[in-house]
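Next come the chains, spelled out residue by residue.
Number of protein chains: 4
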Amino acid sequence: MTVNVGVIGTGMIGQDHIRRITQVLTGGAVVAVNDVDEARAGQVAAGLPGASIHATAQDLIADDHVDAILVASWGPAHEEQVVAAIAAGKPVFCEKPLAPTSAACLRIMDAEMAAGRRLVQVGFMRRYDAGYRAMKAVLDDGGIGAPLLMHCAHRNPSVPPYGFTTDMIISDSSVHEIDIVRWLFGEEIAAATVLTPGRSRQAGADLQDPLILLLEMASGVLVDDELFVNARYGYDVRGEIVGEAGTVALADVGEVTVRAANRHSGRVPVDWRDRFIRAYDAELQDWLNAVAAGTSAGPTSWDGYAAAAVTDAALEALRAGQRTAVTMAERPDFYAKAQ
Amino acid sequence: MTVNVGVIGTGMIGQDHIRRITQVLTGGAVVAVNDVDEARAGQVAAGLPGASIHATAQDLIADDHVDAILVASWGPAHEEQVVAAIAAGKPVFCEKPLAPTSAACLRIMDAEMAAGRRLVQVGFMRRYDAGYRAMKAVLDDGGIGAPLLMHCAHRNPSVPPYGFTTDMIISDSSVHEIDIVRWLFGEEIAAATVLTPGRSRQAGADLQDPLILLLEMASGVLVDDELFVNARYGYDVRGEIVGEAGTVALADVGEVTVRAANRHSGRVPVDWRDRFIRAYDAELQDWLNAVAAGTSAGPTSWDGYAAAAVTDAALEALRAGQRTAVTMAERPDFYAKAQ
Amino acid sequence: MTVNVGVIGTGMIGQDHIRRITQVLTGGAVVAVNDVDEARAGQVAAGLPGASIHATAQDLIADDHVDAILVASWGPAHEEQVVAAIAAGKPVFCEKPLAPTSAACLRIMDAEMAAGRRLVQVGFMRRYDAGYRAMKAVLDDGGIGAPLLMHCAHRNPSVPPYGFTTDMIISDSSVHEIDIVRWLFGEEIAAATVLTPGRSRQAGADLQDPLILLLEMASGVLVDDELFVNARYGYDVRGEIVGEAGTVALADVGEVTVRAANRHSGRVPVDWRDRFIRAYDAELQDWLNAVAAGTSAGPTSWDGYAAAAVTDAALEALRAGQRTAVTMAERPDFYAKAQ
Amino acid sequence: MTVNVGVIGTGMIGQDHIRRITQVLTGGAVVAVNDVDEARAGQVAAGLPGASIHATAQDLIADDHVDAILVASWGPAHEEQVVAAIAAGKPVFCEKPLAPTSAACLRIMDAEMAAGRRLVQVGFMRRYDAGYRAMKAVLDDGGIGAPLLMHCAHRNPSVPPYGFTTDMIISDSSVHEIDIVRWLFGEEIAAATVLTPGRSRQAGADLQDPLILLLEMASGVLVDDELFVNARYGYDVRGEIVGEAGTVALADVGEVTVRAANRHSGRVPVDWRDRFIRAYDAELQDWLNAVAAGTSAGPTSWDGYAAAAVTDAALEALRAGQRTAVTMAERPDFYAKAQ
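Protein chains in written order, with numbering that gives the first Met the number 0: chain B, 0 to 338; chain R, 0 to 338; chain V, 0 to 338; chain S, 0 to 338.
Just to be clear, a hint being listed does not mean it is correct.
Same chains, same names: a pair is fine if it fits in one copy or spans any two.
Cross-link-like lysine to aspartate or glutamate pairs, in silico, EDC-like; alpha carbons within 20 Å at most [claimed, not checked]:
| hint | residue 1 | residue 2 |
| --- | --- | --- |
| 1 | K135 | E254 |
| 2 | K135 | D171 |
| 3 | K89 | D285 |
| 4 | K135 | D270 |
| 5 | K135 | D273 |
| 6 | K89 | D109 |
| 7 | K89 | D139 |
| 8 | K135 | D63 |
| 9 | K135 | E315 |
| 10 | K135 | D36 |
| 11 | K89 | D273 |
| 12 | K135 | E79 |
| 13 | K89 | D140 |
| 14 | K135 | D205 |
Treat the hints as calculated values from the structure; they're not laboratory data.
Just chain B, same shape as in the assembly (with noise of 0.2 Å):
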């Protein structure tokens, strides 16, 4: 069975999941497009023989050739194109960040609440790769004990100059350790803290760069998160957790070893998708295998709102310039760990 997809947004993000579900997973087709911009939704249509456009979300969502809902639109659209697919009944993937508001996510929970069954997976792609996973693997096996700290980095060669603000550190890199390390340590995130150290003249003149993003899991466990998005030298994201027994901490990601002009050396990623790309396609294949089957996986709506909540808490911590308490609701039981 080929699962038919409609695709809500049709920026770089859209066109990748585009391509991916085009031309290297299997299962899936692209039936429907639409963009905010029709133009942009035509030329990627025009790549896509026998794919519809719509001019509006709600028009796609409502489509009966479409069996299932991709959101790659702008934040502040998501809520209503999510909510309107989980009111057709339809499974939808959405893109980071489910809704720009915590409260937005909670409606979205609501709603799927309301339909009765899990029909929303967020696109947390860490969990798809293969070192958070091996990590993971080590971690329940017991085989560095209970867990106490973890170290982080996550370093980006560069931003753009201009209109790429501090807030954004928080918001569109540092979710991706808030989302990885609750289903690493299986907990909520109780506190987080930023610290500000000196600042690189490589940063824009309005960038805090870089951030220290503090995390204090609900058991204790304290995660530290260097953020650097203009590390210059490469894409790098690093992670360490200290158990009572021992560490892991992932690897480096190299093919060869050169050994050249008295150096040995590995190269590090040049941006994310080089560094996470696996991930993007696992992540993408288990939505369409789970839809395909008529169950749900991967990150929930639940993931969403607690990443949102826990962003608020950061952000706040940050212009405060203190720890600063994440407030979240209660988890339904709708939303209980899978087994």
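Start from chain B and add chains R, V and S according to the hints.
Then chains R, V and S, alone, in the frame of chain B:
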């Protein structure tokens, strides 16, 4: 467009390719199967809705619903099946070896040349491995200067205690290095020598394990290849090219580093599947893409022939205990290097 | 010329330095010993032909056969002994801490300045470690641009279940990072904060282990230092400086890589001696060489004082649970940086 | 007790050992020097207060102030000098080769046996390298099972364009692996073969560089040794022993990892001094300690002889282009393995 594949041979490797086409790759479907063991073919077909079972390979090849053939039968049957696919004008992916003798390979080449276009891809999947591809990129970019030597090791944890012969170390194991060095250096192998160190007591009584195979490239590059099929500790494929200005080596494959009990460590693959599964995926996707596009890709019949000719020389070198020149036909223009 | 050394304090560390001078280094001899435990001093002297035993540290310092003093007594005794050595005009190597309080350190500085020349070297041996020296060389050569952050970890396999207090994690363990970051960055530490993650159940009942110590350098460089004295898996000191153009990190220390049982692995040091023995050797050789040459080398009284001042702030930060500014005297010209 | 050393040969290596005894090691002093170039001997002695200059090696050996002899003259002079030291009953450290011919080595052995006690230590310093020692410890502890193979590489960045011959790659470079494999495996070498790959254009016109030397241990363990004296990229000595249950390999030597310009990298040593300086220190300290204790240590005359015998076979194998058995005398009980 979906490529409708007919699979000849539904043993372990055939089933794995069926899983791959059905559950992993895009653009292909398995519509017909055949096996000398009809019961096994039936069991496999039962998991493939709509797939037909053919009593003979010839029937499968003749089936109008079949666009392309995947040959995963045992080696002695390859020639007849591949030639029949060529005669039917259908693209064929043939697992290694293309045929058990170089004479049979030459007959396949003749059939393909008579057909006037490349229809055969041989299953040398290492060419699709990210490690070897990165190695070739470094070499081709001049990063280590002109190549002089290559050191290889090909270690399997174990082979069955009975039935696996010393000759099979050459024909089944070393054939991977035989093909990959031809591809890496873009030239033929001129001679082979086999060295016999003290044998492991883990090896079956009649097995000379490990072996060292020496391959002399036409240009003088010397390759030494440790072949060790009872290495116990894991599946480990290693390679380092030494050039006039530096070296490039396959890096360890590992997602995480664990620190425990006074060691820092990473994992070694458990078997060939673990190590090369992505290469198998990429190889077959490349074939499906080429079939869909009406073109050809990957290792050719000539590559299958050359591997057979070098294997012959290596087996003779093992038997005779001395350096043996490789005897090869001249390369037809038809098989001139691509691009 | 042989430097005739008098050793005050013949406990574990004193004996180790005696072994070093006697069996490893060149240019020194131990000619006199003193210990509060006269029996122990006698036992040690028995292994040193010709060495005299002195009833008091003062007697030893006054001994005409003694050229230079090595203070390895307990911390509270250091001030009186170091000041006495200065008064006698004899060079003195003092194990860390220079003195338990910053006030006492200031009095030592006053005595040394009154003497008119540098006579004191403090035992911060990490400055002599090949790893930290290579790190500083990369930093100073501009290889990673201006520094912004440093991540440290200082892990001991275990401490005694009783008697080792949380304060000692600061005063005994973190003092090494406190000194090394001052040396690496060539600047003072402005403030300290201590974070208290969930504690390891391997730690004694009253021990908050691990801790995270945050150090703010005067320039804004932020250092985070994981201190974990019951890490079980080994003795592991890690460090990575993040600069505007790259990073430099201490590499794993290991002589060989073992492949066995599906792991490739290297060893982690078992204890501080294993990890830093060469640094201790180099530190004391540097002292002997400087004494023989009539010059001075290595960490000064000012460095001892600065470490004490930062330790005071860190202990206060631990107690108060908040960021604490470091209070320090102005650096006298006498202790201006050597070029 | 200080060992008073007389040094014969004050060229580069002699001066380096003098520096070592004088500035690095403990328990030794250089009290006399001799060189065929008297002016050079004089210059060296000028830096050694109290050291005498002798017109001949015989005079130096006879000097009553000299306890022990260090022979760092050129190879052809070794036999006469070592035999004279033995005749004088004085311990002698002789740089490699013990003598240029195996016949000369046998005469030294005869002299030493006639003297009735071991007086000679040969300068095979790799036995004192931390890497090889860790490798031997893993092997001896059974960590990789019984050994079957060893892969070695010995790469120098360059040799002078004139004057360095292909024979010298065997006699000067491979002699280090010849000794170390005898030590690692505790057995003799039975045969040698030399392979000649395509040569590097960086090599002088008459130099066959690189070479592959194959050594067959008496037990059947097979060693392949890549010898490459114009490797350009650095000084790199590699080794991996393959056993029945695993492998052990020399690790990269590097203090720090740098991340910059999309690479993570560590340094490769620049020359043999950089790589092995600690081994030289340890070797000579062991000699001084043994002399002071009236015992002997390290590689013996038998080891010097065995290396010469294998070198002879390897040179013959290079000349003849075929496998050449090693011809060796029987090992006298006098040189039975220590302890």
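So, going through the hints one by one against the coordinates:
1. K135 - E254: Between. Shortest inter-copy distance 11 Å satisfies the 20 Å Cα cut-off; intra-copy 23 Å does not.
2. K135 - D171: Neither, since 23 Å and 34 Å both go past 20 Å.
3. K89 - D285: within (16 Å within a copy, 33 Å between copies)
4. K135 - D270: neither (24 Å within a copy, 22 Å between copies)
5. K135 - D273: Only across copies: K135 and D273 sit 19 Å apart there, 22 Å inside one copy, limit 20 Å.
6. K89 - D109: within (16 Å within a copy, 55 Å between copies)
7. K89 - D139: neither (34 Å within a copy, 50 Å between copies)
8. K135 - D63: Neither. Shortest intra-copy (40 Å) and inter-copy (49 Å) distances fail the 20 Å Cα cut-off.
9. K135 - E315: neither (30 Å within a copy, 37 Å between copies)
10. K135 - D36: For K135 and D36, the Cα distance exceeds 20 Å both inside one copy (41 Å) and across copies (43 Å).
11. K89 - D273: neither (32 Å within a copy, 36 Å between copies)
12. K135 - E79: neither (34 Å within a copy, 49 Å between copies)
13. K89 - D140: Neither way: K89 and D140 sit 37 Å apart in one copy and 49 Å across, limit 20 Å.
14. K135 - D205: neither (37 Å within a copy, 30 Å between copies)
Hint check: violations occur at hints 2, 4, 7, 8, 9, 10, 11, 12, 13, 14; the rest are consistent with the structure.
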